[in-house]
Structures are given as C-alpha cells and as structure tokens.
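Produce the complete structure using the sequences and hints provided.
Sequence lines, in order, name chains H and B.
Residue numbering for the first sequence follows our numbering, starting at 1 and increasing by one per position.
Residue numbering for the second sequence follows our numbering, starting at 1 and increasing by one per position.
Hint data in this document are derived by calculation from the structure and do not stem from the laboratory.
Note that the structure is predicted; figures quoted are calculated from it, not measured.
Do not take every clue at face value.
[What the hints assert, rightly or not] Computed far set for chain B versus chain H, every beta-carbon distance over 10 angstroms: (1) Tyr59; (2) Gly94; (3) Glu187.
[To be verified] Some chain H residues close to chain B (C-beta under 7 angstroms, calculated; not the full set): (4) Glu91; (5) Leu106; (6) Val141.
Glycine included, C-beta positions come from ideal geometry on N, C-alpha and C.
2 protein chains.
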Amino acid sequence: MKITLTHATEDYLKAIYAISVDGASASTNALAERLKIAPASVTGMLKRLAEASPPHVDYRKHHGVTLTPEGERAALKIIRRHRLLETYLHEMLGFSWDEVHEEACLLEHVISERFESRIDELLGHPTHDPHGDPIPDLNLVMPQEASVRLSALRPPQKATIQRVDAKDGDLLRFLEGKSLVPGSKLEISAYSPFDGNLTILLNQQEMILGPTITRHIFIEEN
Amino acid sequence: MKITLTHATEDYLKAIYAISVDGASASTNALAERLKIAPASVTGMLKRLAEASPPHVDYRKHHGVTLTPEGERAALKIIRRHRLLETYLHEMLGFSWDEVHEEACLLEHVISERFESRIDELLGHPTHDPHGDPIPDLNLVMPQEASVRLSALRPPQKATIQRVDAKDGDLLRFLEGKSLVPGSKLEISAYSPFDGNLTILLNQQEMILGPTITRHIFIEEN
DNA sequence: ATTAGAATTTAGGGTGGACTAAATTATTTT
DNA sequence: AAAATAATTTAGTCCACCCTAAATTCTAAT
Ligand SMILES: [Mn+2]
Ligand SMILES: [Mn+2]
Ligand SMILES: [Mn+2]
Ligand SMILES: [Mn+2]
Numbered sequence: 001m002k003i004t005l006t007h008a009t010e011d012y013l014k015a016i017y018a019i020s021v022d023g024a025s026a027s028t029n030a031l032a033e034r035l036k037i038a039p040a041s042v043t044g045m046l047k048r049l050a051e052a053s054p055p056h057v058d059y060r061k062h063h064g065v066t067l068t069p070e071g072e073r074a075a076l077k078i079i080r081r082h083r084l085l086e087t088y089l090h091e092m093l094g095f096s097w098d099e100v101h102e103e104a105c106l107l108e109h110v111i112s113e114r115f116e117s118r119i120d121e122l123l124g125h126p127t128h129d130p131h132g133d134p135i136p137d138l139n140l141v142m143p144q145e146a147s148v149r150l151s152a153l154r155p156p157q158k159a160t161i162q163r164v165d166a167k168d169g170d171l172l173r174f175l176e177g178k179s180l181v182p183g184s185k186l187e188i189s190a191y192s193p194f195d196g197n198l199t200i201l202l203n204q205q206e207m208i209l210g211p212t213i214t215r216h217i218f219i220e221e222n
Numbered sequence: 001m002k003i004t005l006t007h008a009t010e011d012y013l014k015a016i017y018a019i020s021v022d023g024a025s026a027s028t029n030a031l032a033e034r035l036k037i038a039p040a041s042v043t044g045m046l047k048r049l050a051e052a053s054p055p056h057v058d059y060r061k062h063h064g065v066t067l068t069p070e071g072e073r074a075a076l077k078i079i080r081r082h083r084l085l086e087t088y089l090h091e092m093l094g095f096s097w098d099e100v101h102e103e104a105c106l107l108e109h110v111i112s113e114r115f116e117s118r119i120d121e122l123l124g125h126p127t128h129d130p131h132g133d134p135i136p137d138l139n140l141v142m143p144q145e146a147s148v149r150l151s152a153l154r155p156p157q158k159a160t161i162q163r164v165d166a167k168d169g170d171l172l173r174f175l176e177g178k179s180l181v182p183g184s185k186l187e188i189s190a191y192s193p194f195d196g197n198l199t200i201l202l203n204q205q206e207m208i209l210g211p212t213i214t215r216h217i218f219i220e221e222n
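Written as structure tokens, this is what we have:
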C-alpha cells in the first residue's frame, strides 16, 4: 500500500515528531489530544502510516508509534516549511507572532519547493522562527537547542531568551507586550519560594512572573 | 444541506464562472474537460452545489448550471485571491508568469483574509494579474475588459497588449521571450491571407506570427 | 417522424479521513 | 492475585470526492 503524503498525514507526522522528542514513542491518546482528533480515528491513521511503503512509523499495538527514517525525514521537511513560513509571515507580511502558526499550518501542505526556497532566500536562510524554534536546514538537520526553563533560574543569574513554547494567543500577546521574546536579555533579581515567583529585570524594568508563565520560556544562561 | 466551501467546490465555481462568461450555462462536459474530471463526477458535484443552502448554482438536468448570486460571489472571491496571488508570486517572489498559475491554484484555497489583504496592500491594490486578467476589487466588482484578439487586426493598426489567454507553459515562455506581454505596444505591418499570418513591429523588431499564437493575445487599439 | 450520435445521468465502487459506542487490553491499586 | 481504572482498538457509520460502465435523454440529421 503506497501512500501519498496528504494534509492530514503531514500533520500527524509533525505531531509524532514533536511528542517523541527523547526517543520515546508517541501514544494514541497524546496524538489525539494534540491533534484534536478522537483516539479511535488516530488508531486508524497510525495503521495506515505503518502499512505504507515505505512505512512512516513503527506501530506496536497499545504502545504507540515511533517514526521510521522515512517518517522522520517527512516530518522534518514539513517542520522546516512550517517554521520558514512562520518566519516569512512575521517578517515579510507583518503577521504578529500569535497569528503565524494557524496560517503556516495550512500553507505548509501546499507550497512548492520553489516557494520554500524563495522565502528561505529572501529571509537570508533564517535559523529560528518567531518563537525561537530552530529551523531544520536544507539537509533537514535540526539544530539542537538548550532546554533550560526560565522557571529554573535563581538570582542572581543572567540569561537570554531563546524560545517560547506556547500556542495560546493570549499568552503570546502578553509576553510580547512585556518584551519576553527570543533575544531579550534579563536578570533574575529575586526568587520567592512556595509560589515559585521570579522577579526579573528586563530593559531596566522589573516584573514578577509566576511559574505558569516562566515554564514556557526557554533561556540560555550568560 | 448546508455546504462548506472546499478546495474542490471552489475550483468548480471558478470553472463555472469562466465557462459561463456571456450568461450562457456551463455544461457538464465543458466542466469535466476543464477540470480534468470525469463527466459522471461532475454531475455529482453539480447536484451538491445545487442542493446547498443557499444554493450555489441553478441546475437543470441535461442543461448545465448557472451561478446563483451566492455562487457568483464565491467564485469572484476565489478569482480575486487567485489573481492577487499570481501577481504577488510574480512581483514579490520572482516567479515567472508560466509558474504562477499552478501555485496560486493551491494557495487560493488556504490563505486567510489577512493574508489576502496584506498582499493586496503590499502590491498597491493591483488591478491586473501577470497575464493581464482583471482582479475583482474588494467589493468583488470585476472590471470589464475589451476582448479584441490580435488575430483580428490588420495593417496599419496599432495596439497595446492587454492580456494573454494561455495555460500552456511553453507558449507563455515563448511569448515572454518575444515581449508579447501585457503593456507592450505594437503595430501591424502586414497581413497574409489564407494562413492569417501577421507581421508585427514591436520594440523596433519585426516578427511574423500565425493565428494559433495571435488568437491568444487580446489587445486594445490605439 | 425516426434514428444515430453526443451529452448526460445513474448505478455501483473505492479511498481518505473523520465520528461514536462498545469491546478489549494494559496498568495500577488494593 | 483480583479488581478497578485508563488507554487503546474494533465495529459500524458517515461524508467528500473521485472512478468506470451502463442506461438514459437530448439534439440534429435524415
Ligand atoms: Mn498543517
Ligand atoms: Mn513556531
Ligand atoms: Mn485551485
Ligand atoms: Mn492569471
């Protein structure tokens, strides 16, 4: 059973890649949750992906799936497109960083090789999208990123924001309003135990942020 | 039976609009031909479009369809997107005029209102696409265009090319190579009877073109 | 008015992709 | 080890969209 990569399958592969970061397998439920699709439907699709030739996933009943080399290549290809598109929408079409995801998630299935390479070129071969997520290069090599959360810092550490992991538009707009965006430099001036609040100095301005927020911000110490 | 405009239905509506230019109805066969879909499949879709609420076409068995006001609005909306996209791909992303159609035909079903208005703005609200086809404005009013074919001219008439009606990439590249593009001014210096060849002066250069070519070029006399 | 040919519709099927409800299997708790 | 709970799969549907082959209907020529 050959398979044509379609809209739906591409989104599945992306989700599987995202969930199985550390080599773990992606469970039916986790995928259903992430894709907003009923678990029963996910099972069906996982079977199709596993029976494709070449197979895109290894599927063990009741134990979820892992990507095969083919599946991973396909996933990286679409992730590259997604992040290039987000960057393009943000930089060239003036989309705000909370609007780019939805649009990119539709465009990614449709643009040609030429479109992809054109925007890559016009953007100067960007390495990160507006949220700070790394963009796989032309050979589909994904740069490894530090994964220290802002919530883990203690005074008097200094750091630079690397990426923000949030899909909620309200949160993204809030963070942008406070300049909590990739590239911003900050300093921890206080830590409050029990509630985990951090007092942060950014642009000569002080703010107190709870862990519900700081958990979503990944930083590099400096 | 409500209907969601999908990829397929949008392409049908565009095709119906294009075929039924002069108020005539679009036949099953003409649509099948244009969309490269079996006639039997077209019948099925026409029924669905007719049974939608509100209906997008008036369907009379064995007599083809005409667009309802809703259908026409939907068609114009998607034609606007298509032509804006073609213009954008050509002007801002460096696509050649024989490459834009295919890409636009996929993107048109996917871009948001915001994307559409952004590129419209960046292009300065263009009125014509790279082939010279008029772009419906925001109120979906389609500018009427003269429709005199170059093949109908005789010496010593002068004219400006308005639009080129061709989907064949080879022809489009040929025409571009000869500067036979919208905006070019030319003069007819000779007409050869029987074969219909025209000798044309364009950019101080003379060329002889047969009716197979000149039929696809629409001009405005001057 | 009949009839041949062309256009169109019907009948029957297939694929991708989603759903709900019910059954099954795995895991955790007792 | 047994029972309760959670995760997953099966079974049965549905919808959009396409296909081929066969039947029907329209149209135009005789
Ligand atoms: Mn997507
Ligand atoms: Mn992103
Ligand atoms: Mn299209
Ligand atoms: Mn065009």
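Each hint tested on the structure:
no., hint, result
1, Tyr59, "29 angstroms, holds"
2, Gly94, "6 angstroms, violated"
3, Glu187, "37 angstroms, holds"
4, Glu91, "12 angstroms, violated"
5, Leu106, "4 angstroms, holds"
6, Val141, "25 angstroms, violated"
Checked against the numbered hints above, the structure violates hints 2, 4, 6; every other hint is satisfied.
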